[in-house]
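Visitor: Chain by chain, the residues run as shown.
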Amino acid sequence: MQRLRAVFEKTGRAKYISHLDLNRCMLRIFRRSKLPVWYTEGFNPHPYYSFALALSLGFESSCEIMDFNITDDEMSAEEIRDRLNAVMPEGMRIVSVAPQVKKITAIARAEFSFSLISESADELYRAVQELLAAPEICVEKKTKKGIKTVDIKPDMEVLDCQLNGAAVDMKMRLPAGTQTNYNPTLFFEALKNASDIRFDARNIRRLRILCENNDIFY
Amino acid sequence: MNLKEKIEKHLLKVQKPSRYIGGEVGSIIKDKSKVDVRFAFCFPDTYDIGMSHIGMKILYSLTNQRENYWCERCFAPDIDFEKIMRENDIPLYALESLDPIRDFDFIGFTMQYELSYTNVLNMLDLAGIPVFAKDRTQELTQIVVAGGPCVCNPEPLADFFDLFILGEGEEVNLELLDLYNAMKKQGAGRREFLVKAAQIEGIYVPSLYSFDYNEDGAIRSMTVTENAPQTVKKRIIRDMDKVFYPENFVVPFTEIVHDRVSVEVLRGCIRGCRFCQAGFIYRPFREKSPDTIYNETKCLCENTGYDEVSLASLSTSDHSEIDEMLTKLIDYTAEERVNLSLPSLRVDNFSESLLEKIKKVRKSGLTFAAEAGTQRLRDVINKNVSEEEIMSTCKIAFAGGYSSVKLYFMMGLPTETDEDIIGIAELAQRILDLYYATENRPKGRSPQISVSCATFVPKPFTPFQFEPQDTRAEIERKQKLLLDSVKSKKIKVSYHDPNVSLLEAVLAKGDRRLCKVIYAAWQRGCKFDSWSEHYKFDTWMEAFEDCGVDPGFYANRRFEFDEILPWDHLDYLVDKKFFIRENMTAHKSVTTPNCRQRCSGCGVNKAVGRECFCKD
Numbered sequence: 052m053q054r055l056r057a058v059f060e061k062t063g064r065a066k067y068i069s070h071l072d073l074n075r076c077m078l079r080i081f082r083r084s085k086l087p088v089w090y091t092e093g094f095n096p097h098p099y100y101s102f103a104l105a106l107s108l109g110f111e112s113s114c115e116i117m118d119f120n121i122t123d124d125e126m127s128a129e130e131i132r133d134r135l136n137a138v139m140p141e142g143m144r145i146v147s148v149a150p151q152v153k154k155i156t157a158i159a160r161a162e163f164s165f166s167l168i169s170e171s172a173d174e175l176y177r178a179v180q181e182l183l184a185a186p187e188i189c190v191e192k193k194t195k196k197g198i199k200t201v202d203i204k205p206d207m208e209v210l211d212c213q214l215n216g217a218a219v220d221m222k223m224r225l226p227a228g229t230q231t232n233y234n235p236t237l238f239f240e241a242l243k244n245a246s247d248i249r250f251d252a253r254n255i256r257r258l259r260i261l262c263e264n265n266d267i268f269y
Numbered sequence: 002m003n004l005k006e007k008i009e010k011h012l013l014k015v016q017k018p019s020r021y022i023g024g025e026v027g028s029i030i031k032d033k034s035k036v037d038v039r040f041a042f043c044f045p046d047t048y049d050i051g052m053s054h055i056g057m058k059i060l061y062s063l064t065n066q067r068e069n070y071w072c073e074r075c076f077a078p079d080i081d082f083e084k085i086m087r088e089n090d091i092p093l094y095a096l097e098s099l100d101p102i103r104d105f106d107f108i109g110f111t112m113q114y115e116l117s118y119t120n121v122l123n124m125l126d127l128a129g130i131p132v133f134a135k136d137r138t139q140e141l142t143q144i145v146v147a148g149g150p151c152v153c154n155p156e157p158l159a160d161f162f163d164l165f166i167l168g169e170g171e172e173v174n175l176e177l178l179d180l181y182n183a184m185k186k187q188g189a190g191r192r193e194f195l196v197k198a199a200q201i202e203g204i205y206v207p208s209l210y211s212f213d214y215n216e217d218g219a220i221r222s223m224t225v226t227e228n229a230p231q232t233v234k235k236r237i238i239r240d241m242d243k244v245f246y247p248e249n250f251v252v253p254f255t256e257i258v259h260d261r262v263s264v265e266v267l268r269g270c271i272r273g274c275r276f277c278q279a280g281f282i283y284r285p286f287r288e289k290s291p292d293t294i295y296n297e298t299k300c301l302c303e304n305t306g307y308d309e310v311s312l313a314s315l316s317t318s319d320h321s322e323i324d325e326m327l328t329k330l331i332d333y334t335a336e337e338r339v340n341l342s343l344p345s346l347r348v349d350n351f352s353e354s355l356l357e358k359i360k361k362v363r364k365s366g367l368t369f370a371a372e373a374g375t376q377r378l379r380d381v382i383n384k385n386v387s388e389e390e391i392m393s394t395c396k397i398a399f400a401g402g403y404s405s406v407k408l409y410f411m412m413g414l415p416t417e418t419d420e421d422i423i424g425i426a427e428l429a430q431r432i433l434d435l436y437y438a439t440e441n442r443p444k445g446r447s448p449q450i451s452v453s454c455a456t457f458v459p460k461p462f463t464p465f466q467f468e469p470q471d472t473r474a475e476i477e478r479k480q481k482l483l484l485d486s487v488k489s490k491k492i493k494v495s496y497h498d499p500n501v502s503l504l505e506a507v508l509a510k511g512d513r514r515l516c517k518v519i520y521a522a523w524q525r526g527c528k529f530d531s532w533s534e535h536y537k538f539d540t541w542m543e544a545f546e547d548c549g550v551d552p553g554f555y556a557n558r559r560f561e562f563d564e565i566l567p568w569d570h571l572d573y574l575v576d577k578k579f580f581i582r583e584n585m586t587a588h589k590s591v592t593t594p595n596c597r598q599r600c601s602g603c604g605v606n607k608a609v610g611r612e613c614f615c616k617d
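Chains as they are written, first to last, in this note's numbering: chain A, 52 to 269; chain B, 2 to 617.
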């Protein structure tokens with residue numbers, strides 16, 4: 052049995068597929084592909100696959116991770132990739148299939164890009180700069196134990212921040228994985244709390260998933 | 002900003018956005034510059050419901066097989082998205098191209114239930130298409146059409162539609178599109194097209210027919226113009242093994258009501274339950290062969306990736322080759338790890354080996370549509386299920402590990418007395434007693450008998466089409482009587498809102514004078530009437546009052562046998578004389594055997610020109 056890891060894109064209209072719906076969608080993709088995928092052996096056998104990280108509804112991604120098993124040891128990664136791609140919905144595409152090397156727990160952070168669109172983008176840009184310069188960026192975060200206030204600043208690494216016409220384009224790294232997960236929406240919340248300037252966050256995209264030493268995870 | 006960008010700007014503010022953006026596997030995209038006729042197939046309810054509709058799947062694939070025709074899907078937006086659409090000038094659009102449906106050649110609705118009528122008006126309005134047919138352009142475009150079971154009496158909708166398609170659409174839809182395509186090329190106008198379309202069998206153009214009424218409110222006469230036929234005959238498909246069936250379904254991302262492959266196994270019904278419209282309007286009885294059913298199942302499962310399949314019909318047990326069909330299907334589904342969900346089957350005449358196989362797949366609950374509480378009333382409605390059958394099946398089921406049973410009944414049936422209502426509670430009690438008397442019943446589990454009680458709605462093209470519906474006060478009294486008659490906490494009773502059933506009866510049996518009522522109700526905010534949280538009974542009653550229309554005239558009045566019924570000019574191949582005969586037989590509490598046992602002379606064999614149970 053081959054233990055495999057697929058990296059796939061979820062872009063365009065596919066960003067409206069929720070995480071729950073993605074599960075169902077992937078099951079049907081496997082069935083359409085007729086690949087010899089390994090089934091669980093319980094009372095209700097189903098193809099085994101699991102996603103490393105959930106992606107918020109409306110986010111695009113270039114780097115979604117799915118682990119699954121193929122019972123045929125001879126089948127090439129390319130064939131598996133192509134057969135999956137042949138039956139994928141619009142906006143979803145397998146970039147690569149390779150043996151699982153690192154453990155899922157090795158995931159430490161994820162890189163995001165997004166645009167903040169505003170009628171007063173200049174002012175918004177200044178507000179962003181001010182927020183980034185503040186000693187702490189506190190925001191309320193929902194956790195399993197309820198709502199708590201966290202300071203996201205120490206764990207947030209801004210890679211890029213530019214004013215482009217009506218948009219402030221940003222790129223940042225945030226903690227991800229089994230321990231701490233920060234969503235860019237936390238930063239948007241903090242920005243809304245810090246300034247009255249109205250904006251819309253668009254084109255939010257997960258670009259890469261990284262390990263502790265910033266190596267690419269997959 | 003194009004429409005797609007405009008939609009996407011707001012999409013994340015609404016529930017289940019994947020319903021509004023298309024892109025599903027199996028959806029068909031064409032190059033619109035190479036398309037002659039564009040058809041928007043509209044379901045007047047939300048995506049989750051409409052996407053489950055098998056007729057849409059058939060006609061969608063069928064129309065799209067023709068390279069130069071493009072059929073797209075369109076559903077009613079939920080309340081949250083409708084608000085956004087109206088605030089941001091987003092017109093109703095089709096899911097494949099995301100183009101506004103007002104630019105389409107055909108806007109076709111499927112009318113599956115009466116309580117979706119206001120949604121049609123709302124969708125036309127959202128699309129920017131005039132709600133009344135008379136207000137639409139004189140040019141040949143934007144033809145608003147409807148089909149489906151409710152168009153067997155389309156009169157309450159007559160003012161809103163350009164034409165209705167009666168019966169099965171697989172052939173007539175393409176004939177209609179072909180005519181349109183040819184006439185459009187000749188530069189014909191709307192009226193010219195409608196007059197010509199009325200000559201196609203199965204096409205009813207309401208604007209070519211007019212009615213006047215007696216002083217007592219009943220119809221006096223009908224006038225036909227432009228050489229349109231005096232009676233319009235519904236269309237049927239003769240050979241179910243040759244009829245088109247899709248090789249693929251659009252596979253939704255979000256979970257829908259029937260989220261599985263469904264394969265039609267037969268059309269029509271041999272049972273003749275006297276309240277059941279489907280049992281008459283889909284006649285004659287026709288089956289697909291086990292091979293066809295197997296091939297369609299396999300093909301659809303492979304193409305969609307669904308791991309569940311269900312069989313669609315009015316009564317799958319009545320398939321003449323059920324044993325062979327299920328054996329074939331179960332062998333396939335077990336091998337491919339597909340769940341086969343079987344509807345309630347009569348298991349009495351199955352072979353031992355098939356029963357063993359069925360045991361492995363059946364997981365669903367135990368359900369009986371007993372419909373009435375006493376044998377006398379079951380005879381009146383011709384529901385040929387006996388208490389002995391129910392009891393013997395329950396006994397086997399309890400011994401086999403079942404501990405809950407669902408029972409469906411109707412209240413307000415013709416000739417019903419208090420004894421029949423009390424009979425419902427007594428039947429439930431006897432099933433409960435049987436449970437406790439069954440020695441090898443499941444241990445440590447509490448039994449539950451669920452009694453679900455609908456209100457009888459008289460429907461056109463049934464022997465009970467003449468019958469009045471009980472008044473609301475009477476239904477409420479009977480509901481209370483039933484609750485008082487139930488003595489055990491293990492018996493749970495639920496029933497329908499009689500206010501809803503009243504509107505269903507009015508719209509089912511209504512005539513053209515109801516168009517203005519539907520319009521007035523919609524203007525006052527009525528929509529999604531089939532959703533209890535949206536249903537506004539008081540608003541509907543205000544609309545009736547404003548229009549000077551008495552709902553009781555339609556719902557609670559007995560229609561005379563010699564009266565001109567609003568649907569008398571439509572021919573569903575079953576004789577009115579047969580319905581009258583059956584009605585009189587019902588009042589004598591006498592049953593009519595099913596069609597396989599003895600032909601009851603409904604007239605469909607004569608209309609079709611062949612006997613019901615032979616291949617031609």
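Quick caveat, the hints were computed from the structure, so don't treat them as lab data.
Since this is a predicted model, take the numbers as computed values, not measurements.
All C-beta atoms in this analysis are idealised placements derived from N, C-alpha and C, irrespective of residue type, glycine included.
Treat the hints with caution; some may be incorrect.
Okay, the calculated beta carbon distance ranges per label pair [said to hold, decoys possible]: (1) A:Arg-253 - B:Ala-474: 33 to 43 Å; (2) A:Ser-147 - B:Asp-32: 46 to 56 Å; (3) B:Glu-88 - A:Asn-74: 30 to 40 Å; (4) A:Asn-74 - B:Glu-322: 53 to 63 Å.
In silico DSBU-like pairs for lysine-lysine, Cα to Cα no more than 35 Å straight-line [unchecked claim]: (5) A:Lys-195 - B:Lys-396; (6) B:Lys-197 - B:Lys-186; (7) A:Lys-85 - B:Lys-396; (8) B:Lys-589 - B:Lys-537; (9) B:Lys-396 - B:Lys-493; (10) B:Lys-186 - A:Lys-193; (11) B:Lys-396 - A:Lys-204.
Visitor: Look at each hint and say if it fits the structure.
Guide: Verification of the hints:
1. A:Arg-253 - B:Ala-474: 33 to 43 Å: Roughly 57 Å apart at Cβ, these two residues miss the hinted range, so it is violated.
2. A:Ser-147 - B:Asp-32: 46 to 56 Å: This hint is violated: roughly 32 Å between Cβ atoms.
3. B:Glu-88 - A:Asn-74: 30 to 40 Å: holds, 34 Å
4. A:Asn-74 - B:Glu-322: 53 to 63 Å: With Cβ atoms ~38 Å apart, the hint is violated.
5. A:Lys-195 - B:Lys-396: violated, 47 Å
6. B:Lys-197 - B:Lys-186: At roughly 15 Å apart (the allowed maximum being 35 Å), B:Lys-186 and B:Lys-197 satisfy the hint.
7. A:Lys-85 - B:Lys-396: Given that 35 Å is the threshold and the Cα spacing comes to 42 Å, the pair is violated.
8. B:Lys-589 - B:Lys-537: violated, 39 Å
9. B:Lys-396 - B:Lys-493: holds, 20 Å
10. B:Lys-186 - A:Lys-193: Violated, at about 62 Å.
11. B:Lys-396 - A:Lys-204: Given pair B:Lys-396, A:Lys-204 is violated - Cα atoms ~67 Å apart, limit 35 Å.
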